[in-house]
Amino acid sequence: MDLNGLKYTKTHEWLRVEGQLGIVGITQHAQEEISDVVFVELPKVGKMVSQGEETAVVESVKAAFSIYAPISGTITTVNESLSKDPGLINRSPLEQGWIYKIELRDPAEAKALMDAPAYEAWAKGNKH
Amino acid sequence: MSSSHSVLPSESLKRTVLYSRHVQLGARIGPFAGWELPLYYSSILQEHQAVRTAVGLFDVSHLGHLELHGPGTASQLQLLFTQDLAGMQIGSAVYSPMLNPQGWIIDEMIIYRLGQERFRLVVNAANGGKVIHWLKAHLSKNVRIDDLREKYGTLAVQGPRAVELFSKISSMDFAGVPRYRIVSAIMAERSVWVARTGYTGEDGGELFASSADLPYLWDALLEAGKPMGIQPVGLGARDTLRLEAGLPLGGIDLDEQTTPLEAGLDWTIFWRKGPFMGREALEKQQRNGLHRRLAGFQMDGAGIPRLGYPIYSGEDKVGLVTSGTMLADGRGIGMGYLPPLLGKPGTPVKIGIHQRAVDAHVVQLPFYRRKK
Numbered sequence: 001m002d003l004n005g006l007k008y009t010k011t012h013e014w015l016r017v018e019g020q021l022g023i024v025g026i027t028q029h030a031q032e033e034i035s036d037v038v039f040v041e042l043p044k045v046g047k048m049v050s051q052g053e054e055t056a057v058v059e060s061v062k063a064a065f066s067i068y069a070p071i072s073g074t075i076t077t078v079n080e081s082l083s084k085d086p087g088l089i090n091r092s093p094l095e096q097g098w099i100y101k102i103e104l105r106d107p108a109e110a111k112a113l114m115d116a117p118a119y120e121a122w123a124k125g126n127k128h
Numbered sequence: 129m130s131s132s133h134s135v136l137p138s139e140s141l142k143r144t145v146l147y148s149r150h151v152q153l154g155a156r157i158g159p160f161a162g163w164e165l166p167l168y169y170s171s172i173l174q175e176h177q178a179v180r181t182a183v184g185l186f187d188v189s190h191l192g193h194l195e196l197h198g199p200g201t202a203s204q205l206q207l208l209f210t211q212d213l214a215g216m217q218i219g220s221a222v223y224s225p226m227l228n229p230q231g232w233i234i235d236e237m238i239i240y241r242l243g244q245e246r247f248r249l250v251v252n253a254a255n256g257g258k259v260i261h262w263l264k265a266h267l268s269k270n271v272r273i274d275d276l277r278e279k280y281g282t283l284a285v286q287g288p289r290a291v292e293l294f295s296k297i298s299s300m301d302f303a304g305v306p307r308y309r310i311v312s313a314i315m316a317e318r319s320v321w322v323a324r325t326g327y328t329g330e331d332g333g334e335l336f337a338s339s340a341d342l343p344y345l346w347d348a349l350l351e352a353g354k355p356m357g358i359q360p361v362g363l364g365a366r367d368t369l370r371l372e373a374g375l376p377l378g379g380i381d382l383d384e385q386t387t388p389l390e391a392g393l394d395w396t397i398f399w400r401k402g403p404f405m406g407r408e409a410l411e412k413q414q415r416n417g418l419h420r421r422l423a424g425f426q427m428d429g430a431g432i433p434r435l436g437y438p439i440y441s442g443e444d445k446v447g448l449v450t451s452g453t454m455l456a457d458g459r460g461i462g463m464g465y466l467p468p469l470l471g472k473p474g475t476p477v478k479i480g481i482h483q484r485a486v487d488a489h490v491v492q493l494p495f496y497r498r499k500k
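Chains A and B, in that order, give the protein sequences. Here the first sequence is numbered in our numbering, starting from 1 and rising by one per residue. Here the second sequence is numbered in our numbering, starting from 129 and rising by one per residue.
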């Protein structure tokens with residue numbers, strides 16, 4: 001997979017755009033921060049969300065983490081595998097651990113997101 | 129991604145003498161009660177499991193040690209704690225709340241009787257100052273209070289193989305030391321107190337040693353415990369272990385206005401001993417009935433209960449979650465305060481999780497009881 005095609009938010013989500021569709025997940029850095037993911041609350045299919053809105057919750061043993069929409073649109077598919085195996089997010093955050101697919105309302109919004117090198121630099125600088 | 133965790137500036141936080149070892153072991157460090165402590169080394173779930181099946185090693189040097197001695201110590205402590213401290217055998221330990229006149233728990237702790245008039249109190253990290261202040265205000269000048277918080281460190285060694293591990297690095301056989309006893313011993317050529325106590329619901333013990341000796345003991349235990357599958361364990365699993373064992377956490381499950389009756393700590397009250405601080409308030413509460421009582425519940429629907437989440441009975445909000453987690457087997461469990469009528473095991477309730485009301489039912493605490 002071409003990782004350079006991913007766009008990133010400051011809140012540690014990634015977005016892969018394929019035509020009118022976006023795929024959303026959390027980054028390697030985020031899954032390390034959260035550690036053992038034991039539960040994922042998936043959004044409802046058909047839900048319309050705006051960029052920056054809370055769309056899912058990823059939970060570890062210790063805490064619940066809100067996941068924000070990197071882009072506006074309508075949720076079309078959710079990754080049901082995460083209900084049975086939430087650990088996919090830890091093992092494969094950028095591929096099998098994707099969270100939902102979203103039909104883009106305005107693909108231009110993706111331009112405001114960071115590319116991989118910018119995100120890496122940003123995440124490093126913001127490490128607690 | 130964001131969570132509601134608050135992070136204190138690290139400059140103001142204290143470190144235990146084992147800090148560099150935690151870093152070397154790859155621990156994730158976080159703030160807790162004024163200390164920088166290991167939250168986990170590998171994974172909370174895995175460390176939890178190691179304690180239940182093998183043995184885990186915890187640095188709990190954030191706990192504060194106070195030693196009280198001098199003429200009249202036993203009879204005066206008898207007035208300040210709910211348990212029968214004056215009746216304790218020398219070399220025994222007891223868990224007891226300390227109450228204010230309203231019957232509210234100031235702190236709860238394990239107390240060790242080391243001599244006729246000599247007691248060791250091991251207090252919650254955040255409460256050390258508060259406890260010293262309270263004791264000074266209520267004990268006569270004859271009772272000396274030695275603050276050993278800087279001098280002593282504590283290691284918890286918990287798990288079915290902990291006692292075997294103790295015996296391996298000492299000439300003493302600890303299998304003959306019953307639970308809730310404390311003995312002095314030489315371990316890894318260092319002088320330690322070995323207490324058969326803990327906060328995990330598992331067998332094992334706690335070692336009290338001078339801060340200077342603590343690193344040697346830590347290394348010796350990790351080395352000797354290797355064939356037993358020893359794991360260093362952080363605060364994350366300490367929390368899930370104590371919750372599974374149904375043990376309330378001070379400051380979380382017990383706020384500053386909780387009585388031991390409300391917290392399900394009735395068993396810590398030695399009614400036969402006569403007067404003690406808070407007694408009248410507890411008797412009054414018994415006569416009038418409780419408004420709330422700590423109860424355990426298990427999730428039936430999907431979701432993890434957490435501190436502050438509402439508990440519903442039908443449409444009515446009836447309480448709040450104080451502690452919760454998800455166990456390795458996928459069971460969501462938690463504790464919270466409910467009206468006593470709803471505290472019966474099997475009673476259906478709902479937990480408000482991220483704007484959803486999720487089905488759960490009340491269960492008898494603890495969630496886990498070790499096989500004897």
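To be clear, the hints were calculated from the coordinates, so they are not data collected in a lab. Remember, it's a predicted structure, so these values are computed and weren't measured experimentally. It is possible that some hints are incorrect.
[Stated by the list, open to error] Quick list of in silico lysine-lysine cross-link-like pairs, DSSO-like style, CA-CA up to 30 Å: (1) A/K84 to A/K10; (2) B/K445 to A/K47; (3) B/K269 to B/K279; (4) B/K258 to B/K401; (5) B/K264 to B/K445; (6) A/K84 to A/K44; (7) A/K124 to B/K269; (8) B/K279 to B/K354; (9) A/K44 to B/K401.
Results of checking the hints against the structure:
1. A/K84 to A/K10: Between A/K84 and A/K10 the Cα gap is close to 28 Å, so the pair holds against 30 Å.
2. B/K445 to A/K47: Distance of about 28 Å is within 30 Å: holds.
3. B/K269 to B/K279: 23 Å, holds
4. B/K258 to B/K401: 26 Å, holds
5. B/K264 to B/K445: Distance ~41 Å between B/K264 and B/K445 Cα, so the pair is violated.
6. A/K84 to A/K44: At roughly 17 Å apart (the allowed maximum being 30 Å), A/K44 and A/K84 satisfy the hint.
7. A/K124 to B/K269: 56 Å, violated
8. B/K279 to B/K354: The given pair, whose Cα atoms are some 29 Å apart, holds under the 30 Å limit.
9. A/K44 to B/K401: Since the Cα atoms of A/K44 and B/K401 sit roughly 60 Å apart, the hinted pair is violated (cutoff 30 Å).
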